[in-house]
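Keeping their order, the protein sequence lines are chains U and L.
Using our numbering, the letters of the first sequence correspond one by one to residues 1 to 234.
Using our numbering, the letters of the second sequence correspond one by one to residues 235 to 604.
There could be a bad hint or two in this list.
Quick list of simulated restraints, FRET-style, between CB atoms [claimed, not checked]: (1) L:G246 - U:V64: 37 to 43 Å; (2) L:G355 - U:L50: 54 to 60 Å; (3) U:L51 - L:K444: 22 to 28 Å; (4) L:V505 - U:L138: 32 to 38 Å; (5) L:A301 - U:L35: 32 to 38 Å.
Chain L is faced by these chain U residues, among others (derived, beta-carbon under 10 Å) [what the hints assert, rightly or not]: (6) D123; (7) A128; (8) A129; (9) L133; (10) A135; (11) F141; (12) V195; (13) P196; (14) G197; (15) L207; (16) A224; (17) V227.
Please keep in mind that the hints were generated in silico from the structure rather than gathered at the bench.
A virtual CB, placed ideally from N, CA and C, is assigned to each residue, including glycine.
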Amino acid sequence: MNWLLDLTPDEWNAVRLSIKVATVAMIASLPPGILIALVLARGQFWGKTLLNGLVHLPLILPPVVVGYLLLLSFGRRGPAGAFLAEHFGIVFSFRWTGAALACAVMGFPLMVRAIRLSIEAVDRRIEAAAGTLGANPLWVFGTITLPLILPGLITGAILSFAKAMGEFGATITFVSNIPNETQTLPSAIYTFTQVPGGDAGALRLTLISIVISMAALVASEVLARRVGKRMDIE
Amino acid sequence: MTVALDITHRLGDLGLDVRFGSAGRLTALFGPSGSGKTTLINMIAGLIRPEKGRIEADGRVLVDTDAGLFVPKHKRRIGMVFQDARLFPHMSVASNLRYGRWFTPAAERYADMNAVVDLLGIGPLLDRRPAKLSGGEKQRVAIGRALLASPRLLLMDEPLASLDDARKAEILPYIERLRDETKIPIVYVSHSIPEVARLASDVVVLAQGKVAACGPTGAIMQRLDLLPAEERGEGGAVLDTAVLRHDEVFGMTVLGSAAGDIRVPLLAVPVGAPVRIRIRARDVMIAIEQPTGLSALNILPGRIVAIEPGEGPTVEIGMDCNGATVLARITEQSRQTLKLRLGRKAYAVVKTVSFDQANTSAGLPVEADG
Numbered sequence: 001m002n003w004l005l006d007l008t009p010d011e012w013n014a015v016r017l018s019i020k021v022a023t024v025a026m027i028a029s030l031p032p033g034i035l036i037a038l039v040l041a042r043g044q045f046w047g048k049t050l051l052n053g054l055v056h057l058p059l060i061l062p063p064v065v066v067g068y069l070l071l072l073s074f075g076r077r078g079p080a081g082a083f084l085a086e087h088f089g090i091v092f093s094f095r096w097t098g099a100a101l102a103c104a105v106m107g108f109p110l111m112v113r114a115i116r117l118s119i120e121a122v123d124r125r126i127e128a129a130a131g132t133l134g135a136n137p138l139w140v141f142g143t144i145t146l147p148l149i150l151p152g153l154i155t156g157a158i159l160s161f162a163k164a165m166g167e168f169g170a171t172i173t174f175v176s177n178i179p180n181e182t183q184t185l186p187s188a189i190y191t192f193t194q195v196p197g198g199d200a201g202a203l204r205l206t207l208i209s210i211v212i213s214m215a216a217l218v219a220s221e222v223l224a225r226r227v228g229k230r231m232d233i234e
Numbered sequence: 235m236t237v238a239l240d241i242t243h244r245l246g247d248l249g250l251d252v253r254f255g256s257a258g259r260l261t262a263l264f265g266p267s268g269s270g271k272t273t274l275i276n277m278i279a280g281l282i283r284p285e286k287g288r289i290e291a292d293g294r295v296l297v298d299t300d301a302g303l304f305v306p307k308h309k310r311r312i313g314m315v316f317q318d319a320r321l322f323p324h325m326s327v328a329s330n331l332r333y334g335r336w337f338t339p340a341a342e343r344y345a346d347m348n349a350v351v352d353l354l355g356i357g358p359l360l361d362r363r364p365a366k367l368s369g370g371e372k373q374r375v376a377i378g379r380a381l382l383a384s385p386r387l388l389l390m391d392e393p394l395a396s397l398d399d400a401r402k403a404e405i406l407p408y409i410e411r412l413r414d415e416t417k418i419p420i421v422y423v424s425h426s427i428p429e430v431a432r433l434a435s436d437v438v439v440l441a442q443g444k445v446a447a448c449g450p451t452g453a454i455m456q457r458l459d460l461l462p463a464e465e466r467g468e469g470g471a472v473l474d475t476a477v478l479r480h481d482e483v484f485g486m487t488v489l490g491s492a493a494g495d496i497r498v499p500l501l502a503v504p505v506g507a508p509v510r511i512r513i514r515a516r517d518v519m520i521a522i523e524q525p526t527g528l529s530a531l532n533i534l535p536g537r538i539v540a541i542e543p544g545e546g547p548t549v550e551i552g553m554d555c556n557g558a559t560v561l562a563r564i565t566e567q568s569r570q571t572l573k574l575r576l577g578r579k580a581y582a583v584v585k586t587v588s589f590d591q592a593n594t595s596a597g598l599p600v601e602a603d604g
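Chain U with its partners taken away, still in its complex shape:
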């Protein structure tokens, strides 16, 4: 069984990089995810259907198309990419940050859906009650809305993380498959399957991928249940 646990340094790097990319993608998409979910759940404005469609686009488009669009806009010569590189020094193309961006975009619809559902379930009359007690809208959001949607936030975050762990098409199109920089678990597994004698490595990484994804799902279940119990919401 030793061959199963004995990972080469390159394989370890892929595991570590994948976790880093998925974590960053998840954390970075939380604030915009909450904001968009709020707007979709409560906003009444022209173009809401359009925004909703835009958010869900990565779910329906082929991942390669999303990756290519990212390359066009966030690549070194793309309008957004050039702007960010010039003013903030943030470079996406062929970096791990680009992998995180691709993963974040691909996981975004899943996250927004989960958060939006939980926001729609919040009783707005309870928020109004907090308002009459002197809390301004920002405080109401922080002390009432946010704690009440915590189970939805956890679910959304874990879904985004899990999606990022498995993301392949958009990532490889946008930032290629560079060991130690953009070679995440799926890219590494793909590479192993393309070379003779890579079966053992592919299998090892596959098992690791299954373990991480399962652990994330179980963790989210446990967390959500604990939060739910704390609130006594039947």
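Assemble chain L onto chain U, guided by the hints.
Coordinates of chain L only, in the frame set by chain U:
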């Protein structure tokens, strides 16, 4: 003025057109459902924006559409107790109570946690979650939460409507204490005559979006014509009395009023305590001579000062009993047989057993050792 309103607003099919001012300790907005009273109280709280008009509370202008003024709800410092309590489910009772304190400027915090907890008897609940409370407990916590924000005005929107009679009886004394022991003026929405008669110092009667009458509780409760048809049986005179003595042998309390002594079933309040009673018009008989050989214990001499036609075969008789007004509802046939007319001397007869919890404000239940 505690609260002054001058509002025009469209609400579906109902045109609200309301103008009143009240300086009472507890002003009741009274009317049948659909009369617009909940909308009005939501406007005072800042939860609904009136289309046109002006709202003033505790000497502060909160809304003036002509001047483009609208103070948002979190800056009004007006406490609100909702019919459905609306406690924060993710916080303990103690955290719910402390919530409003955070947002009150330190210099304006007058409410004291221990005093409020004592006043409402919620000490044993502090560590619990709202989901683990009964309806009556939830409502008491909601009252405490509103009080601890140190409001300038307290609004209560049918706080007892969703509770059963036992729970209502549990909370009413606390609201009376609130009215008598704190300085916060209260506006109380209700469609229940027993509640209004027992609690209110002033009543604003709403009907179809308009003010039908406005004045002190005693005067309004006598105007049976103002009461909704299905509640008319609950109407009658409201008398403020004080406990003279308790009759332990027969289990009765003797109350002193301007009209004379009134015997009611034993009340658990000390001698001298103020008690407000409501004598339903339908519970009052009229005699033209001092009756003898009668089981009823309360016989109040007076003079007939009003005779109004009532519904169906009834007439409503108003009697002045030494300055206090007592209303009686009798049949037209009895009126003619007895030849009742204005100015005639008569006796109002009320059975002791017609007083129950709903029409005597008995105060707080005494502890078991008392």
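Hints, verified against the model:
no. : hint                        : in the structure
1   : L:G246 - U:V64: 37 to 43 Å  : 54 Å, violated
2   : L:G355 - U:L50: 54 to 60 Å  : 55 Å, holds
3   : U:L51 - L:K444: 22 to 28 Å  : 44 Å, violated
4   : L:V505 - U:L138: 32 to 38 Å : 55 Å, violated
5   : L:A301 - U:L35: 32 to 38 Å  : 35 Å, holds
6   : D123                        : 8 Å, holds
7   : A128                        : 6 Å, holds
8   : A129                        : 4 Å, holds
9   : L133                        : 4 Å, holds
10  : A135                        : 6 Å, holds
11  : F141                        : 12 Å, violated
12  : V195                        : 53 Å, violated
13  : P196                        : 57 Å, violated
14  : G197                        : 55 Å, violated
15  : L207                        : 39 Å, violated
16  : A224                        : 14 Å, violated
17  : V227                        : 9 Å, holds
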